[in-house]
Amino acid sequence: MELEGGHRNSVIKRRNPIEFGLVFNDAKEMGLTMHPKSWWFNLLYILAAVTCYTCAEDVTPVWRWSCENGRCLKYPLNAENLNTALSLEACKMFCNEYGTLWPRPTGEISLGSHLAKININSIHVEITKRGKSDDLMNAAAQRFKTLIPLVIPKGTMPKSSGKAVVVYLVNENPDEREFSLHFDEGYELRVASMADEKVNATIFAKNFFGIRHGLETLSQLVLYDDIRDHLLIVRDVTILDRPVYPYRGLLLDTARNYYSVDSLKSTIDAMAANKLNTFHWHITDSQSFPFVSTRRPNLTKYGAFTPQKVYTPADVRNIVRYGHERGVRVLPEFDAPAHVGEGWQDTGLTVCFKAEPWASYCVEPPCGQLNPIKEELYNVLEDIYRDMSDLFQPDIFHMGGDEVSEKCWNSSEEIQHFMIQNRWNLDSPGFLNLWNYFQSKAQEKAYKAFGKELPLILWTSTLTEFNTISNYLDKNKYIIQVWTSGFDPQIKGLLEKGYNLIMSNYDALYLDCGFSAWVGSGNNWCSPYIGWQKVYDNSPAEIALEYKNQILGGEAALWSEQSDTSTLENRLWPRSAALAERLWAEPATKWIDAEHRMLHMR
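Position in the sequence shown (from 1) plus 31 gives the number in my numbering.
Certain hints may be false.
[Said to hold, decoys possible] List of simulated lysine to aspartate or glutamate pairs, EDC-like, C-alpha gap at most 20 Å:
no., residue 1, residue 2
1, Lys565, Asp519
2, Lys523, Asp505
3, Lys476, Asp414
4, Lys476, Asp505
The set of hints was computed from the structure by calculation and includes no laboratory data.
Could you put the whole structure together from the sequences, leaning on the hints where they help?
Written out as structure tokens, the structure is:
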């Protein structure tokens, strides 16, 4: 590694307490006077500052770093090796094929062996082609500028000398701004240090989303060098990169416990940094209905934990917009016909609500399922779907559809009578017919509300078992999200039937596993805890084998029986970062080869 810009550097030293005292004495000699009370107040302030100053740790660098056999090892820093010494951050950048980039690029990558000093006050972004995505492009450019100072340690002010950085954004289709499972998120990034005291970076992409990813990567090529007290950037860079899977998601359940809007936005920030592109919002469940429905407000009025623990239309629009600017779609899930309860009490549209003993009617309390024979139910569903269409404007929609209890429906004489009239037996095949009756009518209302036949997602369930799914669900209309284990034979069966899948196999991607049970004692049902290593090694391609092209991607899930805003970050990260690299790059290697970069990323 060579550093551009000469070798007139010295070890950073703190100003000592004696110098601080001289400044104070100089002020007195200049004839400055103070009121006695002010004098005593300022004296106490200065004494406190001096005490704090003398107690502070010395931040003078004493180590240099050397890359040896893929590891950064430290050696004493002295005057003889100062000019060529590597800081730890610089060493990590050049001690790995992928530097400190996360997720690792999938195409050509060339990181030059030179670093250039840059001026943090002279970073410019130029958009070369204008169009309908201008607002998103401008937001991404502004966000990029806010990312650069984050590499500077707190309390440090790097030198402002150095080259200006000019970033050119070349968007081939500036009018393309909407999410799709089929768009191209790839980008090409080139960085070169010019003779005119500039570093030029150019990002080429098919659309805003590729441009945004390129800016994320570029931000990771900037580092703070504590030996020289400078911001540096890798020069002479070429990166060609695009994701392997189009769907790279993270599910958060905000119904069993409420999360603040700020915590959701913070999660989206972290997702953007890792190039995850789908925030799956499990926004309602049997425990609460915090989504404010303008067409059916009583669902929220009677279903939210408190009037304050809700997501208003303004909140949702804010979060959706926030995600869009960061390349993260906000995907709503309205789980039905099971997982409903609070909010539906007085509608007359549910059965077995809060039934006891709960274990006979549902997987966790409170129980509740929609009554599929009530025609009014489908008008309510259409209104909810319309509310979600207005606020989310999704390109795909999640309809839930798991853990439906036959015993719950069978507890209703009204439902029994309806099934007998339709010549459906009161057994598993009969209740599948009833479920299909519900799903078909709900699908029709969803298409009507969204104004188009957008792709629909359902969880794996008895309705999606491969030997009968073709009787109920069209493979051209439904995507199946797998939450059973990665060894479930249903996966191969669904792939053989031609269904596209999203992998959320609980044995690697359920982030709530490994904590205590929430009903009863002991650990929860999917223990033990899943470390980032297992998340990283969970390869959809290895699960699907010859059907890997039918895997749209994957998603980690945080169910919130025992999680809320206070625990959110440490439940999600760094494990979701491991998922991000797996889904972006689908590397042939295992976690051990990514460990050094993971330790840097986290």
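- request: Could you tell me which of the hints above the structure violates, numbers in ascending order?
  value: none
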